[in-house]
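A.B. asks: Given next are the chains, with one letter for each unit.
Number of protein chains: 2
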Amino acid sequence: MPSVVDTGILHRLTDTSIPLVQRVQAFMEGMQSAMCSELEKLDGEKTFGADAWKREGGGGGLTRVLEGGAVFEKAGVNSSTVFGTLPDSLARKMNTKAERFRATGISLVLHPRSPMVPTVHANFRYLEMDDKDAWFGGGADLTPSYLFEEDVVHFHKTLKDACDKHDISYYPRFKKWCDEYFHIPHRGECRGVGGLFFDYLRGSLESDFMFVRSVAESFLDAYLPIVQKRVNEPWDEPERRWQLLRRGRYVEFNLVYDRGTVFGLETRGRTESVLMSLPPLAKWDYNVKPAEGSREATLVDVLQNPREWVA
Amino acid sequence: MPSVVDTGILHRLTDTSIPLVQRVQAFMEGMQSAMCSELEKLDGEKTFGADAWKREGGGGGLTRVLEGGAVFEKAGVNSSTVFGTLPDSLARKMNTKAERFRATGISLVLHPRSPMVPTVHANFRYLEMDDKDAWFGGGADLTPSYLFEEDVVHFHKTLKDACDKHDISYYPRFKKWCDEYFHIPHRGECRGVGGLFFDYLRGSLESDFMFVRSVAESFLDAYLPIVQKRVNEPWDEPERRWQLLRRGRYVEFNLVYDRGTVFGLETRGRTESVLMSLPPLAKWDYNVKPAEGSREATLVDVLQNPREWVA
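Chains A and B are the protein sequences, given in the same order. Quick note: to get my numbering, add 2 to the position in the first sequence (first position is 1). Quick note: to get my numbering, add 2 to the position in the second sequence (first position is 1).
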């Protein structure tokens with residue numbers, strides 16, 4: 003484990019005598035480790051590998067991937083802390099005059115084997131520009147191949163509860179932002195059924211950190227019960243094919259629109275870590291149209307017309 | 003068939019009393035039809051469907067796809083002739099002040115079932131901007147999962163012969179351009195073993211048209227003998243997996259870098275026609291490294307270090 007952080011910091015996350023960035027990094031790395039443990043327990047068959055890597059120019063990360071599991075066909079949990087000179091191209095895109103940056107965060111993408119268990123993504127990050135500007139960003143969102151409404155309600159409700167503890171305006175704002183962000187214009191549909199997306203959270207950074215912790219800590223509660231509930235649902239080959247076609251859309255979003263991915267490829271991040279989000283198998287058939295009234299059509303309808311899942 | 007062109011024009015391609023754009027369109031549509039026939043014969047099992055579509059703003063196309071064949075897991079041949087007002091965003095990208103455009107062309111992508119038979123792509127196009135500027139573009143390139151040197155030599159040699167009849171400077175220029183264009187920076191490798199790529203060909207348009215015809219007409223001679231030679235090579239599951247991983251790279255190139263694809267998605271072309279190039283099945287495993295000295299390593303070496311295939 004390449005953590006440069008004293009793990010004792012994990013017990014002093016609110017100790018403001020320690021610089022915030024160090025506490026955030028400790029939290030992110032601790033979260034990565036805890037999530038991998040829980041996911042391994044649930045999978046029961048495979049464990050996560052761990053590849054530590056260094057970034058030329060400053061920092062590095064730890065990429066953890068589980069492949070070919072009983073529950074998860076592919077699961078990736080990445081942590082990284084990078085810093086250094088901000089590339090010009092990036093500074094222009096971010097509309098900043100800052101010269102140096104520091105970023106720490108985790109991202110996670112889980113591709114379950116069963117078409118009845120939804121794919122999920124979460125990401126939490128903290129950025130500092132020079133000594134002048136800093137903010138949190140992140141979110142979590144669910145991408146089912148088949149719609150189980152109660153599962154989507156549970157996912158959203160759990161995230162909403164985490165938000166409401168901090169600011170009741172957060173959930174409606176970040177839910178809407180999520181629907182807007184994970185939109186695939188050329189398909190006229192969202193990638194999935196949403197969740198939360200937030201960025202440039204720069205109120206009181208200490209309370210923003212508390213908020214991010216709440217959301218990150220609620221993530222497994224939002225997702226794991228869905229896996230447990232659906233993992234033994236039966237499925238057949240046509241449903242598997244539909245899942246692979248949906249994964250094709252996931253690839254389209256990530257490679258064409260996702261800021262994190264495009265940013266990672268442009269800044270020559272570690273390609274295998276940036277692209278660990280891509281599915282183990284995906285399919286593109288020509289002009290597939292689900293039959294009217296089918297379960298597949300129900301899903302597409304909800305992706306084309308995002309709903310409110312909790313009041 | 004939605005051709006607006008008198009097919010009699012096919013027999014008068016050099017008749018300059020007919021506007022060039024009409025002759026080019028007739029040639030492109032005739033080529034599409036001829037290629038589909040040849041590919042169906044070779045496949046022996048499945049035939050091409052035909053979807054005619056219209057473009058809002060002017061023009062349309064014919065998308066022809068064969069799926070689940072004996073030889074071709076997926077084969078797409080698209081023709082289109084579109085015209086109208088040039089979108090501002092596009093005019094800026096193309097660095098032109100033109101207000102109206104007209105484009106006619108075909109594109110083809112074949113994904114064979116066997117990992118021993120290479121994927122192939124070809125594209126030929128003619129563009130007019132207002133009445134002031136016009137040019138041809140196009141090319142053909144080969145993407146094997148396993149390297150058979152003699153096949154690559156045959157492919158390049160056939161295309162070179164087509165070039166040499168017109169201008170001996172073409173092949174070296176367009177071969178190099180192809181290696182540069184089909185490069186995946188984040189992987190540090192080319193998509194395949196190259197071929198030809200050319201654009202902005204605006205010498206004498208009549209002789210440019212003759213050149214494009216020569217290349218297009220030589221395309222099946224460049225590719226089909228390779229299919230016939232390799233289609234009965236034995237292959238196993240690890241080789242199929244390698245093919246699916248290589249197809250993942252194909253997806254990465256097309257969605258992140260390919261101008262035609264990005265252009266098509268940005269201008270809200272018909273998505274299913276733009277993305278017909280994507281493979282029927284593709285795979286992303288984490289951090290796959292071919293064993294030293296393996297056939298897979300040999301391929302990667304040639305993708306990282308493009309070679310000269312014909313003197």
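It is worth saying that the hints were derived from the structure and are not from the lab. Some hints could be false.
If chains are identical, the list can't say which one is meant, so a pair holds when it fits in one copy or spans any two.
[To be verified] Below are the DSBU-like pairs computed for lysine-lysine, each with C-alpha atoms no more than 30 Å apart in a straight line:
id, residue 1, residue 2
1, Lys56, Lys178
2, Lys291, Lys178
3, Lys99, Lys291
4, Lys95, Lys56
5, Lys48, Lys95
A.B. asks: Hints first: check each against the structure and report whether it holds.
C.D. replies: Comparing the hints with the structure gives:
1. Neither within a single protomer nor between protomers do lysine 56 and lysine 178 lie at most 30 Å apart by alpha-carbon distance, with minima of 36 Å and 34 Å respectively.
2. Only within a single protomer do lysine 291 and lysine 178 lie at most 30 Å apart by alpha-carbon distance; the minimum there is 27 Å, versus 41 Å between protomers.
3. For the homomeric pair lysine 99 and lysine 291, neither the shortest alpha-carbon distance inside one copy (48 Å) nor that between copies (40 Å) is at most 30 Å.
4. Only within a single protomer do lysine 95 and lysine 56 lie at most 30 Å apart by alpha-carbon distance; the minimum there is 25 Å, versus 36 Å between protomers.
5. Taking the closest pair of Cα atoms, lysine 48 and lysine 95 never come within 30 Å of each other, the shortest separation being 40 Å inside a single copy and 48 Å across copies.
Violated hints for the displayed structure, listed by number in ascending order: 1, 3 and 5.
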